[in-house]
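**Q** What follows is each chain in one-letter form.
There are 2 protein chains.
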Amino acid sequence: MGGNERQIPDLDKVIHERARLRILVFLASSAESETGFTDLKSGLGMTAGNLSAQLSTLEEAGYIALRKTFIGKKPFTGVSLTLSGDKALEQYLDEMESMLAAARGRR
Amino acid sequence: MGGNERQIPDLDKVIHERARLRILVFLASSAESETGFTDLKSGLGMTAGNLSAQLSTLEEAGYIALRKTFIGKKPFTGVSLTLSGDKALEQYLDEMESMLAAARGRR
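Chains as they are written, first to last, in our numbering: chain U, 1 to 107; chain L, 1 to 107.
Excised from the complex, chain U in its bound form (with noise of 0.2 Å):
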């Protein structure tokens, strides 16, 4: 038997890497369109230098919008899904989904 009859999806390498699978997944399942960095950091267990180099990877593929401000004197950075970092998203997780029931289909 050949592959063909099982199609693996080749996931988007930018979303799979782990600790950005893991922000995406954050910054999806929260109430709030906008999560503070800080918030991100603590909720994750990331370094502050990780975090950064993270998000500037996912603002570059246009999945992420980051928005710098103050909250009285203390700079506050807000990060929000961007429409095209929840449609990739989606697309992700619906061929991770797929890939599970692969997975599983023979348990």
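Worth flagging that the hints you see were computed from the coordinates, not collected in a lab. Be a bit skeptical, because a hint or two may be false.
One copy or any two copies: either way a pair holds, since identical chains are not told apart in the list.
[As the list claims (entries may be wrong)] List of simulated lysine to any residue pairs, SDA-like, C-alpha gap at most 25 Å:
#, residue 1, residue 2
1, 41, 9
2, 68, 34
3, 41, 75
4, 13, 90
5, 68, 55
6, 87, 101
7, 41, 95
8, 41, 101
9, 13, 55
10, 73, 10
11, 13, 91
12, 13, 48
13, 41, 97
14, 41, 98
15, 41, 102
Using the hints, position chain L against chain U.
**A** Frame of chain U; chain L shown alone:
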């Protein structure tokens, strides 16, 4: 709101890597307990070099077993999921399902 209310799982690094995940899902979704190297290669559209490297990593983790033999005069490499690989994949799938549910909870 902090992140404690929604746990974003860590995900097994050995399994989560795209190529390795595709290999494991291919093996897990196969009707046979053993898949030939060549079938795996063509089914996943991977190069022999990349597939070999990823299989070595999975073998070192104890997630797959490789069996080298001959069919007639042709060398044959059979790849199968081990019990430990099956369990690790199962746990990964559980974690991924909970992430999917989290990401889609809001939708």
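**Q** A separate judgement is required for each hint: does it hold in the structure or not?
**A** Hints, one by one, checked against the model:
{"no.": "1", "hint": "41 with 9", "result": "between (30 Å within a copy, 15 Å between copies)"}
{"no.": "2", "hint": "68 with 34", "result": "within (12 Å within a copy, 54 Å between copies)"}
{"no.": "3", "hint": "41 with 75", "result": "within (15 Å within a copy, 51 Å between copies)"}
{"no.": "4", "hint": "13 with 90", "result": "both (14 Å within a copy, 22 Å between copies)"}
{"no.": "5", "hint": "68 with 55", "result": "within (13 Å within a copy, 45 Å between copies)"}
{"no.": "6", "hint": "87 with 101", "result": "both (21 Å within a copy, 16 Å between copies)"}
{"no.": "7", "hint": "41 with 95", "result": "between (27 Å within a copy, 20 Å between copies)"}
{"no.": "8", "hint": "41 with 101", "result": "between (32 Å within a copy, 21 Å between copies)"}
{"no.": "9", "hint": "13 with 55", "result": "both (15 Å within a copy, 20 Å between copies)"}
{"no.": "10", "hint": "73 with 10", "result": "neither (45 Å within a copy, 35 Å between copies)"}
{"no.": "11", "hint": "13 with 91", "result": "both (12 Å within a copy, 22 Å between copies)"}
{"no.": "12", "hint": "13 with 48", "result": "both (22 Å within a copy, 21 Å between copies)"}
{"no.": "13", "hint": "41 with 97", "result": "between (27 Å within a copy, 23 Å between copies)"}
{"no.": "14", "hint": "41 with 98", "result": "between (30 Å within a copy, 20 Å between copies)"}
{"no.": "15", "hint": "41 with 102", "result": "between (34 Å within a copy, 18 Å between copies)"}
Hint check: a violation occurs at hint 10 only; the rest are consistent with the structure.
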